[in-house]
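These protein sequence lines map, in sequence, to chains A and B.
Sequential numbering of the first sequence, starting at 1, is according to my numbering.
Sequential numbering of the second sequence, starting at 1, is according to my numbering.
Hints listed in this document are in silico derivations from the structure and should not be mistaken for laboratory results.
Please read these numbers as outputs of a predicted model, since none were measured by experiment.
Please note that a few of the clues may not be correct.
Unchecked claim - Within a straight-line C-alpha distance of at most 30 Å, the following computed BS3-like cross-link-like pairs (lysine-lysine) qualify: (1) A:K60 with A:K164; (2) B:K333 with A:K64; (3) B:K48 with A:K60; (4) A:K64 with B:K103; (5) A:K458 with A:K260; (6) A:K200 with A:K260; (7) B:K333 with A:K372; (8) A:K168 with A:K372; (9) A:K59 with A:K198; (10) A:K64 with A:K310; (11) A:K157 with A:K200; (12) B:K333 with A:K375; (13) A:K64 with A:K164; (14) A:K198 with A:K257; (15) A:K60 with A:K458; (16) A:K157 with A:K198; (17) A:K257 with A:K310; (18) A:K176 with B:K48.
Spelled out from the first residue to the last, the chains are:
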Amino acid sequence: MSTETKPDIAIDRSVGDFSYDVDYAYDAGVGLTEATINYISDVKGDPEWIRQFRLDAYKKFLEKPMPTNWASRDLENIIFENIRYYLAQGQQPKRSWDDVPEEVKRTFERLGIPEQERKFLAGVEAQFDSEAAYSNIKAAVGEQGVIFVGSTEGLHKHPEIFRKWFGKVIPTGDNKFSALNSAVFSGGSFIYVPPGVKVKHPLQAYFRINAESFGQFERTLIIADEGSEVMYMEGCTAPKFETATLHSAVVELVALKGAKIQYITVQNWSPNVFNLVTKRGLAMEDAEVKWIDCNIGSRLTMKYPGVVMKGRRARGEVISIALAGDGQHQDTGAKMIHAADETTSNIVSKSISLGSGRATYRGMVHVPRHLKGCKNNTECDALLINSHSRTDTYPAITVRGQGNACQHEASVSQISEEQIFYMQQRGIPEGAAMSLAVNGFVNDLVQQFPMEYSVELKRLIELEMEGSVG
Amino acid sequence: MIATMTPEKHSAGWPAWFTDEQARAAAEYEALPAPTRRDEAWRFADLKAVSTDGFVEAGDASDPAALVVASTGVPAPAARLVFANNRLVHSDVAGLPAGVIVKPLEQAAREHPEIFREFFMAQPVELGSAKFAALHRAKVHTGAFVHVPAGIRLEAPVEIFHWVEGERASIFPHTLVVCGNNSSAGVVDHFRSADGAPACACAVNDLHLSPGAALTYAAVQDWSPETLAFHLNSTVVDRDARATNLAANFGGRFVRGESLSRLVGEGSRSEMFSINPLGGTRQIDQRTLQDHAAPNASSDLLYLNSLDGASRSIFAGLIKVQTGAHRTDAYQKVRNLILSDEAEANSMPGLEILADDVRCTHGATSGEISEDELFYLAARGIPRDLGRRLIVNGFFQTLLERLGDPALREWLSASIARRMGV
Numbered sequence: 001m002s003t004e005t006k007p008d009i010a011i012d013r014s015v016g017d018f019s020y021d022v023d024y025a026y027d028a029g030v031g032l033t034e035a036t037i038n039y040i041s042d043v044k045g046d047p048e049w050i051r052q053f054r055l056d057a058y059k060k061f062l063e064k065p066m067p068t069n070w071a072s073r074d075l076e077n078i079i080f081e082n083i084r085y086y087l088a089q090g091q092q093p094k095r096s097w098d099d100v101p102e103e104v105k106r107t108f109e110r111l112g113i114p115e116q117e118r119k120f121l122a123g124v125e126a127q128f129d130s131e132a133a134y135s136n137i138k139a140a141v142g143e144q145g146v147i148f149v150g151s152t153e154g155l156h157k158h159p160e161i162f163r164k165w166f167g168k169v170i171p172t173g174d175n176k177f178s179a180l181n182s183a184v185f186s187g188g189s190f191i192y193v194p195p196g197v198k199v200k201h202p203l204q205a206y207f208r209i210n211a212e213s214f215g216q217f218e219r220t221l222i223i224a225d226e227g228s229e230v231m232y233m234e235g236c237t238a239p240k241f242e243t244a245t246l247h248s249a250v251v252e253l254v255a256l257k258g259a260k261i262q263y264i265t266v267q268n269w270s271p272n273v274f275n276l277v278t279k280r281g282l283a284m285e286d287a288e289v290k291w292i293d294c295n296i297g298s299r300l301t302m303k304y305p306g307v308v309m310k311g312r313r314a315r316g317e318v319i320s321i322a323l324a325g326d327g328q329h330q331d332t333g334a335k336m337i338h339a340a341d342e343t344t345s346n347i348v349s350k351s352i353s354l355g356s357g358r359a360t361y362r363g364m365v366h367v368p369r370h371l372k373g374c375k376n377n378t379e380c381d382a383l384l385i386n387s388h389s390r391t392d393t394y395p396a397i398t399v400r401g402q403g404n405a406c407q408h409e410a411s412v413s414q415i416s417e418e419q420i421f422y423m424q425q426r427g428i429p430e431g432a433a434m435s436l437a438v439n440g441f442v443n444d445l446v447q448q449f450p451m452e453y454s455v456e457l458k459r460l461i462e463l464e465m466e467g468s469v470g
Numbered sequence: 001m002i003a004t005m006t007p008e009k010h011s012a013g014w015p016a017w018f019t020d021e022q023a024r025a026a027a028e029y030e031a032l033p034a035p036t037r038r039d040e041a042w043r044f045a046d047l048k049a050v051s052t053d054g055f056v057e058a059g060d061a062s063d064p065a066a067l068v069v070a071s072t073g074v075p076a077p078a079a080r081l082v083f084a085n086n087r088l089v090h091s092d093v094a095g096l097p098a099g100v101i102v103k104p105l106e107q108a109a110r111e112h113p114e115i116f117r118e119f120f121m122a123q124p125v126e127l128g129s130a131k132f133a134a135l136h137r138a139k140v141h142t143g144a145f146v147h148v149p150a151g152i153r154l155e156a157p158v159e160i161f162h163w164v165e166g167e168r169a170s171i172f173p174h175t176l177v178v179c180g181n182n183s184s185a186g187v188v189d190h191f192r193s194a195d196g197a198p199a200c201a202c203a204v205n206d207l208h209l210s211p212g213a214a215l216t217y218a219a220v221q222d223w224s225p226e227t228l229a230f231h232l233n234s235t236v237v238d239r240d241a242r243a244t245n246l247a248a249n250f251g252g253r254f255v256r257g258e259s260l261s262r263l264v265g266e267g268s269r270s271e272m273f274s275i276n277p278l279g280g281t282r283q284i285d286q287r288t289l290q291d292h293a294a295p296n297a298s299s300d301l302l303y304l305n306s307l308d309g310a311s312r313s314i315f316a317g318l319i320k321v322q323t324g325a326h327r328t329d330a331y332q333k334v335r336n337l338i339l340s341d342e343a344e345a346n347s348m349p350g351l352e353i354l355a356d357d358v359r360c361t362h363g364a365t366s367g368e369i370s371e372d373e374l375f376y377l378a379a380r381g382i383p384r385d386l387g388r389r390l391i392v393n394g395f396f397q398t399l400l401e402r403l404g405d406p407a408l409r410e411w412l413s414a415s416i417a418r419r420m421g422v
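If we strip away everything but chain A, and leave its shape as in the complex, we get (with noise of 0.2 Å):
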């Protein structure tokens, strides 16, 4: 079956799939203690308060347990001394695509980063390794005084806006990889959205894994001031290594009054990362935050992105897609919680456990007390593809008091036989019938993603079905 089928597909499954050697200008070395915090922050020139942050946060990442008391037992695996917390081709996001190393560039090039440069796109940061070594924002953006860097320039640059809310949303001590996060990120963006600013163009950053048990921790931090609107594209690909990396981002977003931001990722880090992200946004009054999140690749996946809706009419939205092929575990879902008058959300999930792939979904809805007109509306659909293949749903959802409205459904089901032989009769292979099938399954959640991100996604759903069946 799936010797028919591969003709049919247009990627070559070796992007991504390759490593250059590199001369790392900083390496803080293997093992976490505080000699490496303070190493980071030396090679960074972090201001005191961020290296208080960061010995801070270290401390509660050792106090805090492993979650595996509801998690994956997988986590065991990841052997902190083992892991390199630090690593950077140099100091200075580089301006110009001259001036970019050759051996940096290379790797861009296998992923396409000129030619999306040429395309519409507003502005690139492509992250290679833990600093950016390219940015680029298109002078549109710019002279309407959007503020998109790398998040040590911003923190350097515009610290009257970052101080304000870096780790506002996120605290430190929200879980154990929040505070590893919160020790010893370095990379990420930092964008701030003028009054009243609407960018037309999606932001777009790429990030990349390239060193054997490296982990990378980038922070994120989106301001949207009033009235404004943002798109943020993140997506990844990593190269494949023998030994497991680590993946540890915290995302934070900000909505004032009236602001809109979505944020949308393609997951598709190799087989061997654990991807453990926090990402929340808030949101004030009238604000929206949405959340797109595809994820295909890597071993273990956890991640709940959620919304805080702090102000009266508030709204949050999580769309997800989660693929589990063999050996993976896509461990994802949302949290909703509503913290202001008619404040609604919607969070709809559809996950496809292929081989011996698990897909779970995870939620959290909650309406405190004396809240009135709050809304929230769950679905989550799973699909089954081998018989060995696994899905689990766990939400939790707590309402207190009347006025308020909840709903949860979530359903699992298979590929109808009749779908398939439906396309059979018409001449269309097993396999490429149940690539379609599945393509059907999340058909109306890919559309919400930017044309070039659902065609992405589709060829990689087709790319992932290749010879699951038959």
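Please build the complex by placing chain B on the supplied structure of chain A, with the hints as guidance.
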């Protein structure tokens, strides 16, 4: 641990091997840790409310004869046992068809040791209360043993009454039902308080359905509002058998209910229902498992909570489809009707699916009475308060339609309507 007042009574009537087992269970209870906040099986639970400290084993009831008179339920039951404070005080089994056994547990342990040993607390406790199950095993004095042999149909239900009386008294009600091949029966457990004193009940019921058997089981819990109660159920359903289990919780300060249905034979079916009208500061904490271990089995869960006052509910349900349990059809739904600003509903409907050819669905809703419905009733001259009670009554009555046993259905329907004052 609950202090033993009368140790000598403990061994009365039990075979020696069982009292040895009880000693082991007591040690196990001591060794097992109390639930903690990090324990997923106790997520959201008010752990302070769960403490069994300060309770004593119940002494003799002051007026057992009066309790027997008050032990009324479904009209014309097939048999009736009345327990008060861990003692059998009445037994009426004369009308049972030949071969059907309804007798105290300790007598069954002596007279039918092989059946007893095979089925007594044979299922592992998977939903969090292993410690309280060990307490029950260590402390159980007596209980009901119901055995319906192959092919026998019981037309009316067997009724069992468990009473508790006295300040800080604790009781350990037990009901073990074993249904033979193609048999059919109904069993109703009534849990009642003789007074309003704080009490502790740690109850276990185990239901075993052999191939082709049909059982309707109802636990109608009416403890005093000061009672701490644990109700641990397991139901094992074999090939083509059909179990219906209803838990109606009308009383109790804190009630922890665990219900586990294991579908071990092809074509088996388990229905799990619960009716929980809550008010005051009452709390109910229910954990369920629909464990599909065989192909072509189906399960259906519907739990209804109405929450008034500052009451609180927790529902954590799991549908687990094991490898190879293909063509499973499982459904799970919890509905919370929130009637006040102080009430709180927590829902955790879960799925764990390890087989691919399945249909599993779950849903959870939390909402309030719609203004439109109240307006509709008001327009027809029904005052707002009565209108609310009518709607809550209707909310629960819809579930009763799913009960197979008409006598039980009618009795429960009247019982709910009476409590709602409609």
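Each hint tested on the structure:
Proximity of K60 (chain A) to K164 (chain A) is assessed by CA-CA distance (about 21 Å); at most 30 Å being required, the pair is judged to hold. Annotation: proposed proximity of K333 (chain B) to K64 (chain A) is violated, straight-line Cα distance about 35 Å (limit 30 Å). Annotation: proposed proximity of K48 (chain B) to K60 (chain A) holds, straight-line Cα distance about 28 Å (limit 30 Å). Note on K64 (chain A) and K103 (chain B): the hinted pairing is violated, with a Cα-Cα distance of about 54 Å set against a maximum of 30 Å.
For the given pair, K458 (chain A) sits about 27 Å from K260 (chain A) by alpha-carbon distance, which is consistent with the 30 Å threshold. For the hint linking K200 (chain A) to K260 (chain A), the alpha-carbon distance of about 12 Å falls within 30 Å, and the restraint holds. Of the pairs offered as hints, the one joining K333 (chain B) and K372 (chain A) holds, with about 25 Å between alpha carbons and a cut-off of 30 Å not exceeded. Using a Cα cut-off of 30 Å, the hinted pair K168 (chain A) and K372 (chain A) holds, with the two alpha carbons roughly 26 Å apart.
Taking the CA atoms of K59 (chain A) and K198 (chain A), the gap is near 40 Å; set against the 30 Å cutoff, the hint is violated. Proposed proximity of K64 (chain A) and K310 (chain A) is supported: the alpha carbons are some 27 Å apart, at most 30 Å. With a CA separation close to 25 Å, the supplied pair K157 (chain A) and K200 (chain A) stays within the 30 Å bound. For the proposed pair K333 (chain B) and K375 (chain A), the alpha carbon gap of about 19 Å is at most 30 Å, so the pair holds.
Distance check on the hinted pair: K64 (chain A) and K164 (chain A) sit about 26 Å apart at the alpha-carbon level, within 30 Å; holds. Distance restraint check for K198 (chain A) and K257 (chain A): the Cα-Cα separation of roughly 14 Å lies within the 30 Å cut-off, and the hinted pair is therefore satisfied. For the given pair, K60 (chain A) sits about 41 Å from K458 (chain A) by alpha-carbon distance, which is inconsistent with the 30 Å threshold. At roughly 23 Å between alpha-carbon atoms, K157 (chain A) and K198 (chain A) fall within 30 Å of each other, so this suggested pair holds.
Only pairs whose Cα atoms come within 30 Å are accepted, and K257 (chain A) paired with K310 (chain A) is accepted, the gap being roughly 10 Å. Taking the CA atoms of K176 (chain A) and K48 (chain B), the gap is about 27 Å. The hint holds against a cut of 30 Å.
Checked against the numbered hints above, the structure breaks hints 2, 4, 9, 15 and satisfies the rest.
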